[in-house]
Structure formats: structure tokens, C-alpha cells
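Asks: Once you have looked at the hints, place chain B on chain A.
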Amino acid sequence: MKKTLYIFKSGELRRKDNSLYFESEERKKYIPIEDTNDIYIFGEVDVSKRFLEFVSQKEVCLHYFNHYGYYVGSFYPREHQNAGHVVMKQAEHYIDSDKRMTLARKFVHGSIGQMSQVLKYYTGRVGSGTGVLTQLLAQFKDTAKPLADAGSIEEIMAVEGHAREKYYSAFDYIIGNPDFPFEKRSKRPPLNRLNALISFGNSICYTMVLSEVYKTYLDPRIGYLHSTNFRRFSLNLDVAEIFKPIVVDRLIFTLINKKMLTKKDFDKHIDGITLSESGKKTFISELDKRMQTTVNHRHLGKSVSYRRMIRLELYKIQKHILGEKEYVPYQSLW
Amino acid sequence: MDVTGTHIWYYFICKREVWLIAHNIAADQDDENMDIGRFINEQTYQRNKQEVLIGNIKVDRVRREDGQLVIGEVKKSSRYLESSRYQLLYYLQTLKKMGIVARGELLFPEEKRRETVELTSEAERQLDRAVEEIRIIARHPVPPLPEKISFCRNCAYREYCWAEG
Chain A
22 MKKTLYIFKS GELRRKDNSL YFESEERKKY IPIEDTNDIY IFGEVDVSKR FLEFVSQKEV
82 CLHYFNHYGY YVGSFYPREH QNAGHVVMKQ AEHYIDSDKR MTLARKFVHG SIGQMSQVLK
142 YYTGRVGSGT GVLTQLLAQF KDTAKPLADA GSIEEIMAVE GHAREKYYSA FDYIIGNPDF
202 PFEKRSKRPP LNRLNALISF GNSICYTMVL SEVYKTYLDP RIGYLHSTNF RRFSLNLDVA
262 EIFKPIVVDR LIFTLINKKM LTKKDFDKHI DGITLSESGK KTFISELDKR MQTTVNHRHL
322 GKSVSYRRMI RLELYKIQKH ILGEKEYVPY QSLW
Chain B
52 MDVTGTHIWY YFICKREVWL IAHNIAADQD DENMDIGRFI NEQTYQRNKQ EVLIGNIKVD
112 RVRREDGQLV IGEVKKSSRY LESSRYQLLY YLQTLKKMGI VARGELLFPE EKRRETVELT
172 SEAERQLDRA VEEIRIIARH PVPPLPEKIS FCRNCAYREY CWAEG
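Protein chains in written order, with this note's numbering: chain A, 22 to 355; chain B, 52 to 216.
By construction, these hints were calculated from the structure, which means they are not laboratory data.
Where is the CB? At the ideal position from N, CA and C, for every residue including glycine.
Any given hint could turn out to be false.
The following residues of chain A were derived to be distant from chain B, with all beta-carbon distances above 12 Å [claimed, not checked]:
id	residue
1	Leu26
2	Lys141
3	Ser173
4	Ala179
5	Glu298
6	Gly322
7	Lys323
8	Tyr351
EDC-like cross-link-like pairs, simulated, lysine to aspartate or glutamate; straight-line CA separation at most 20 Å [stated by the list, open to error]:
id	chain 1	residue 1	chain 2	residue 2
9	A	Lys24	B	Glu93
10	A	Lys24	B	Asp86
11	A	Lys70	A	Glu47
12	A	Lys79	B	Glu93
13	A	Lys23	B	Asp81
14	A	Lys340	A	Glu113
15	B	Lys66	B	Glu210
16	A	Lys340	B	Glu215
17	A	Lys236	B	Glu83
18	B	Lys147	B	Glu173
19	A	Lys79	B	Glu166
20	A	Lys323	B	Glu162
21	A	Lys323	B	Glu93
Chain A on its own, in the form it takes in the complex (with noise of 0.2 Å):
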């Protein structure tokens, strides 16, 4: 598996020969190509058309953010996959609002899976909470049951919005740090500090599943639950959905209960908080580390890393939209 490279520090990227070659005012470093799948950026990286002509080349998306953290935007290369017939389907399954709301629902029911799963791996494993822990849970079967009725997206992402408001509220229970208290969802810019870590890793999740769909015939341009308007990626975001409860979540969680982020790891600004370039490093390593975790796959009959789920998870959605076989989301055991 190609391997995602991180730059914090500031200087130069260039193409040099036929490789990678970073240059900072501390080292010099060759890095080989062949072996990227894709650039996060969040230093004061220079790069010049030559370099952005060669990763183009090599199929690699580069992913800026700027120094706060936020997500800047993305080098997208010119597609290299193309098929007509895929985008055509694509497109049909928008446009027609019955296919277009079948698969925002998928994706609004695929989510709460994955919250609820979450919810119940922390329920015997929280210190106080248990009850209302279970309790939540127990409320949380029913959350996914308006879908069915739901005649517009707007209903759709009013069920998708509800459910996430409880599963938020479990999160003072799963966490039990009086330095990182929920409060409430607040973003661009995030209030607090738990917050600040939601919205870092989301923005990662979601240029991850943007460097996966790069590597599919599926155009990124067309969500279905997120609104298209044909010139902001939204695929991206339906299919993070999916991923942001086990992959971000559980990352916060184990991050904050294990010590290994503390208050030291945040900067405060004046109208907001932010993850310091230490707190950005180690959530990134860590996140890193859990996504080439392998997982044993019950249909394909070996181990993928949960990386590579997101691309199986875009296969699966292709595969619905060319009518050869119904969506089902991912649904995570554990």
C-alpha cells in the first residue's frame, strides 16, 4: 500500500530527477514517488509547476491546510479515469430524486450504524455512565426509523442531525475529562477543545475519501446527501459519514483517554481554538497508524486496512450506480 505523506515543516517541494525531493532550511530529503498515494500539507510549502506537472503525472492529490489547521483546498489532478458510461450514471442517479434520496439515505443510515457500534463499545467500558450510556443506545434504535418516511433530503439530513445530536451528548460520558467537556458542536471556529479535534479530523476524513475517489471513476463533484453544485466536491462528504464515527471518533477518544493529547496540545486565538502543530503531529501519526490497521474482510477473503475500506466502500457505491448491485454501507463489528 502507497504510503500518505505529512509535511508540517516549511520550504520547498520539487521534482528532482524522478523523485520527490523536499527541501527545508534543516535537510535536504529525496522521497520516492512510486510509493506516495497522496500530500498533506499544513507547512509553508513552495511548489512550482514542474513539481505540480509530476505528481499530476503520478496520479498523487495534494491536500493544503492552512496554518490553523483548516482545510485550504485540494490539487486534484486532472482525472486520469474516465468513463463516460460511470459519470453519465452518476449523474442520472442525482438528477432522478427517488435514486438520489435512496442513496442519501444509505448513507444517513450507514452513519448512525457506525455511531451506534461506537456507542456500544463504550458502554461497558466507561467509568460512570454505564446506565445512561445503555440508555442512549436503547433510545438510539429508533433514530434511523424516520428515514423511511422522509420525503426530501432536507428531512433526510434532519434524521441524520438528530441522531447526531444524542450520540454527541454520550460524549462527556465516554471521555470523563473535565479539560475536554462537549459543550456544544461548534466549528469554523471551533470553542473548545473537543471540538477543535472534531473538526480537524473530519476535515482529514474527508480529503481522505477525496484521494480514494481520485482513484475511481466516480466524479467527486456529485454527492447525493450533500448537495452538488458541480463545483465543490460532495461525494467526499456523504461517504465520510461513514467513516468520521469509527475512524475520527475513536481516535479523539482514545487520544484524550489515553493522555496522549492533553490542554498543552491546543493554542488559543482570539475567536477561537486550534490544535498546535504538536497536537496536529500526534493526531496525525495516530490516525496514520490506525489506518493501515488491517481488518479481516468477509467477502474478498483477507485483510484490508481500513485505508482501503473506503475505497472497497466507493466500489460498492459505483457498483449501485451501474444497477449491478444495491449499496449496503458499511457496518463496522467492533
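Replies: Chain B in isolation, oriented as in the chain A frame:
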């Protein structure tokens, strides 16, 4: 629809692949076997290699031996001999229709072996049937369902075909 050698090759292994290829849905390019194939293509027969495009067929290697044209098809392994043979036969048939008589050679550099292939009337009949059926498969709105066969194990489509649950 133009039927190519690739279609013929897939036809004798997996009909589903025919549909996917006909719809420009290529296999996972990150697959290890794809890399090996690309490598063999780049590294072998460097002395006399010319990839030639004739109509809608792409011949790996062309040379002349005792005044006769010999076309070669390079393969990673002889495991799918039947498919490889028909692919080459299709090239020979295509050339024949252009009025060119040629001999075929399957080349397996990894196994240091080669095999001569000759066009017979029986083979031609088989090919005609295959071409006709490939066109029918390609016209289907939906790909044929995957079938678990021994080929799946090393196929670069396997994750696509078997991703579920």
C-alpha cells in the same frame, strides 16, 4: 464497436471483464500484478521491440524471419494459455483480412519459453463466434454478475467485484 485483442483475451477468461473494459472501466491500476506486467513490457525484448498499432489491434513485437512476418505477444505467465492463444489468433486473423500472412509467437520471458500459434479454420470460427458474443455483452446495460473463478485470486478487478457488506 471495435473488438480489440484485449476484449478477446478477457472473453476467454471472464465475461464480466469484457463488459467493464468495453465501458472503459479499467482494473485497479495500483495492483501489484499490473506493475509487474508494465515492468515486463518495459524491460524485455529491448533489442527488437516495436509496438505496432494496426487498425484496432496492438502488436507487442513484429519481426521478419526467413521472409515471413512473425508477430509476438508478450505475457507474464502461461497460466491463461487459451486466452493468450486466441488473442494472438485474432491478430493473425485481422492481418489475414488485410491480406498479410503471418506467423504468431506467444512469448513468456519470465518462463524463458515461447510457443508458436497458427491460424486454422476451426480457430477462425471460434473467433467469429467470440467477436459476435463480445458485441452482445458490451450492449448489455448492466455488467454480468461476478462469478468466483480461480482467475479472481490474482485479478486486478477482484476488490471491485467482491467489495460488499
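Asks: Decide, hint by hint, whether the structure agrees.
Replies: Now for the hints, and whether the structure bears them out:
1. Leu26: Label holds. Min Cβ-Cβ 16 Å, cutoff 12 Å.
2. Lys141: 19 Å, holds
3. Ser173: Its Cβ never comes within 12 Å of chain B, the nearest being 29 Å, so this holds.
4. Ala179: 28 Å, holds
5. Glu298: About 32 Å separates A/Glu298 from the closest Cβ of chain B, which puts it past 12 Å; holds.
6. Gly322: Given that some Cβ of chain B is not farther than 12 Å from that of A/Gly322, nearest at about 8 Å, it is violated.
7. Lys323: Violated, because the least Cβ-Cβ distance between A/Lys323 and chain B comes to about 9 Å, which does not exceed 12 Å.
8. Tyr351: Non-interface label fails for A/Tyr351: nearest chain B Cβ at 7 Å, not farther than 12 Å.
9. A/Lys24 with B/Glu93: Not OK: A/Lys24 and B/Glu93 at ~25 Å, beyond 20 Å, violated.
10. A/Lys24 with B/Asp86: With Cα atoms ~17 Å apart, A/Lys24 and B/Asp86 stay inside 20 Å; holds.
11. A/Lys70 with A/Glu47: 24 Å, violated
12. A/Lys79 with B/Glu93: OK: A/Lys79 and B/Glu93 at ~17 Å, within 20 Å.
13. A/Lys23 with B/Asp81: 9 Å, holds
14. A/Lys340 with A/Glu113: 14 Å, holds
15. B/Lys66 with B/Glu210: It holds: about 17 Å lies between the C-alpha atoms, which stays within 20 Å.
16. A/Lys340 with B/Glu215: With a Cα-Cα distance of about 10 Å, the restraint between A/Lys340 and B/Glu215 holds, given a limit of 20 Å.
17. A/Lys236 with B/Glu83: 15 Å, holds
18. B/Lys147 with B/Glu173: 15 Å, holds
19. A/Lys79 with B/Glu166: Given that 20 Å is the threshold and the Cα spacing comes to 36 Å, the pair is violated.
20. A/Lys323 with B/Glu162: Violated - the C-alpha atoms of B/Glu162 and A/Lys323 are around 29 Å apart, more than 20 Å.
21. A/Lys323 with B/Glu93: This hinted pair is violated, its Cα atoms lying about 31 Å apart.
Going down the numbered hints, you'll see the structure goes against 6, 7, 8, 9, 11, 19, 20 and 21, while the others check out.
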